[in-house]
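Asker: Chain by chain, the residues run as shown.
Protein chains: 2
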Amino acid sequence: MDQIQLQKLDTTVLKWLDQVHHLVEQRVRQRMQVDTKSSHRDLVTNVDREVEQYYVQHIRNFDPEAQILGEEGLGDAVKSMKGRIWFVDPIDGTMNFVKQQSEFATMVAVYEDGEPVMAWIMDVQQHDIIHGGPEYGVFHNGEKLELSADIGLDEGLVILSGARLLYEEPGFPQLAKAAMGYRVYGSAGISYLHVLTGKAVAYLSRMRPWDFAAGITLAKSLGLRVGTIDEQPMNMLVSGSVLVATDKAYADIMALLQKKG
Amino acid sequence: MDQIQLQKLDTTVLKWLDQVHHLVEQRVRQRMQVDTKSSHRDLVTNVDREVEQYYVQHIRNFDPEAQILGEEGLGDAVKSMKGRIWFVDPIDGTMNFVKQQSEFATMVAVYEDGEPVMAWIMDVQQHDIIHGGPEYGVFHNGEKLELSADIGLDEGLVILSGARLLYEEPGFPQLAKAAMGYRVYGSAGISYLHVLTGKAVAYLSRMRPWDFAAGITLAKSLGLRVGTIDEQPMNMLVSGSVLVATDKAYADIMALLQKKG
Chain A
1 MDQIQLQKLD TTVLKWLDQV HHLVEQRVRQ RMQVDTKSSH RDLVTNVDRE VEQYYVQHIR
61 NFDPEAQILG EEGLGDAVKS MKGRIWFVDP IDGTMNFVKQ QSEFATMVAV YEDGEPVMAW
121 IMDVQQHDII HGGPEYGVFH NGEKLELSAD IGLDEGLVIL SGARLLYEEP GFPQLAKAAM
181 GYRVYGSAGI SYLHVLTGKA VAYLSRMRPW DFAAGITLAK SLGLRVGTID EQPMNMLVSG
241 SVLVATDKAY ADIMALLQKK G
Chain B
1 MDQIQLQKLD TTVLKWLDQV HHLVEQRVRQ RMQVDTKSSH RDLVTNVDRE VEQYYVQHIR
61 NFDPEAQILG EEGLGDAVKS MKGRIWFVDP IDGTMNFVKQ QSEFATMVAV YEDGEPVMAW
121 IMDVQQHDII HGGPEYGVFH NGEKLELSAD IGLDEGLVIL SGARLLYEEP GFPQLAKAAM
181 GYRVYGSAGI SYLHVLTGKA VAYLSRMRPW DFAAGITLAK SLGLRVGTID EQPMNMLVSG
241 SVLVATDKAY ADIMALLQKK G
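Sequences listed follow chains A and B, in order.
Heads up: the first sequence runs through residues 1 to 261, numbered per full-length UniProt numbering.
Heads up: the second sequence runs through residues 1 to 261, numbered per full-length UniProt numbering.
Simulated from the structure, these hints should not be mistaken for laboratory data.
Please note that the accuracy of each hint is not assured.
No copy labels: a pair is met if it fits in one copy or bridges any two.
Stated by the list, open to error - With a cut-off of at most 27 Å between alpha-carbon atoms, the simulated BS3-like pairs for lysine-lysine come out as follows:
id, residue 1, residue 2
1, Lys220, Lys144
2, Lys199, Lys248
3, Lys177, Lys144
All chains should be built: construct the whole structure from the sequences, respecting the hints.
Answerer: The structure is reproduced here in structure tokens:
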């Protein structure tokens with residue numbers, strides 16, 4: 001896509017995000033319907049479904065040829081990365097959404113023939129958005145975002161998946177101990193916003209495609225390092241252990257993980 | 001103190017908090033001087049000291065008879081809980097302050113002959129304040145705060161000290177597993193704000209007096225449960241393992257801790 005097309009794409013999705021912000025704010029004041037999916041900790045609400053439905057409708061209108069891969073399954077059964085694919089996570093951090101009404105995100109990413117084009121992450125309650133792509137640059141609420149200082153693990157905060165740490169995913173406790181400090185936020189989107197703005201030096205979790213598509217697009221576009229930690233190549237259609245970090249923290253983490261293996 | 005005195009106390013400290021908010025905002029834009037205390041993870045900045053100095057000066061003017069127990073040691077060497085004592089934590093979550101410029105708090109509490117009188121916790125960057133006392137009620141930015149629903153551990157989020165969990169303080173991993181989810185925020189004040197507003201059902205950490213004085217005052221005043229988990233009586237002048245929780249989560253946690261012992 002050329003700059004005019006990217007600009008139009010950005011403007012369009014930013015308008016959707018404003019609508020999603022207002023929709024979610026309204027729904028928070030009403031009674032929410034909370035259901036469980038794979039376990040009693042895997043929550044879904046009517047709002048997750050309604051927001052995904054909103055995205056799917058608007059994407060179909062705007063980009064009818066594209067396929068949509070969404071968390072709640074209202075899009076398509078995407079089998080390959082050919083053509084244009086929209087990754088949609090309507091409410092990321094649903095437990096925070098239900099319990100806290102804050103610290104949750106909404107995420108959208110566009111890929112074309114396997115390559116990232118643009119992505120958006122919004123802290124919904126704060127209405128705080130990072131958006132951009134490799135050919136477009138990265139912006140924080142419309143202002144150019146610059147890459148923060150390249151800080152190593154022992155000088156920075158690392159954000160970890162709470163479950164992966166608690167059940168001692170290989171390397172996770174060691175990483176937490178080697179870092180200056182660690183945090184557990186319960187939302188991939190909120191965690192990515194921390195790394196993108198230089199508040200944390202790394203974020204690691206095992207995630208599904210809609211959890212990491214936007215985060216890795218924005219991280220790469222900004223100049224952060226992106227990789228997997230389970231020695232699997234990055235596959236945009238399956239779950240993986242995804243790491244986003246500063247150059248130095250990336251090297252620190254990889255060295256630690258190799259030592260333990 | 002009567003209601004007029006409590007009201008005056010509240011108004012006075014709320015004015016100080018506004019000043020502290022502005023002072024910290026200014027300092028964040030300038031170059032910060034970061035030093036370490038007991039370890040390379042125990043940070044202190046010129047802002048911690050400057051804010052404590054601000055409190056000490058204003059408390060001396062407002063309440064010259066009182067003693068002051070502050071984190072940075074600019075107050076008094078308090079030996080007993082007799083008379084009026086001000087607990088001051090100028091910047092709680094200094095690592096977040098340094099690394100994130102957000103998710104840190106400032107906390108003040110007033111005790112009289114060992115009994116809590118009033119307390120204030122401010123999320124400094126968000127300028128979000130919970131304030132009140134047992135004879136005054138609890139307020140969230142001036143609006144009466146009501147006790148949230150009494151939710152148990154398996155239906156709510158628990159907030160834990162990251163270090164205590166990582167180094168497997170007895171019971172902590174079990175609590176994290178029993179809860180619906182756990183979070184690690186790196187600031188006692190920010191954690192207390194979550195429990196006070198019903199976003200989390202419990203917060204546990206080993207803390208020093210200025211870390212918990214305001215939190216337990218506001219929690220008790222609101223009707224939450226407060227206790228220690230190391231079988232020591234609560235002592236306002238020494239460190240302790242302090243728990244603040246809903247009634248149900250308190251019972252759940254105590255049952256879990258007894259089972260493991």
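Asker: For each hint, tell me whether it holds in the structure or not.
Answerer: Hint check results:
Taking the shortest Cα distances, Lys220 and Lys144 sit within 27 Å of each other inside one copy (15 Å), while across copies they are farther apart (46 Å). Taking CA atoms no more than 27 Å apart as the test, Lys199 paired with Lys248 passes inside one copy only; the shortest distance there is 15 Å, against 35 Å between copies. Proximity of Lys177 and Lys144 under a CA criterion of 27 Å is satisfied in neither setting, with 34 Å inside one chain copy and 41 Å between copies.
Figure legend: structure checked against the earlier numbered hints; the only hint not met is number 3.
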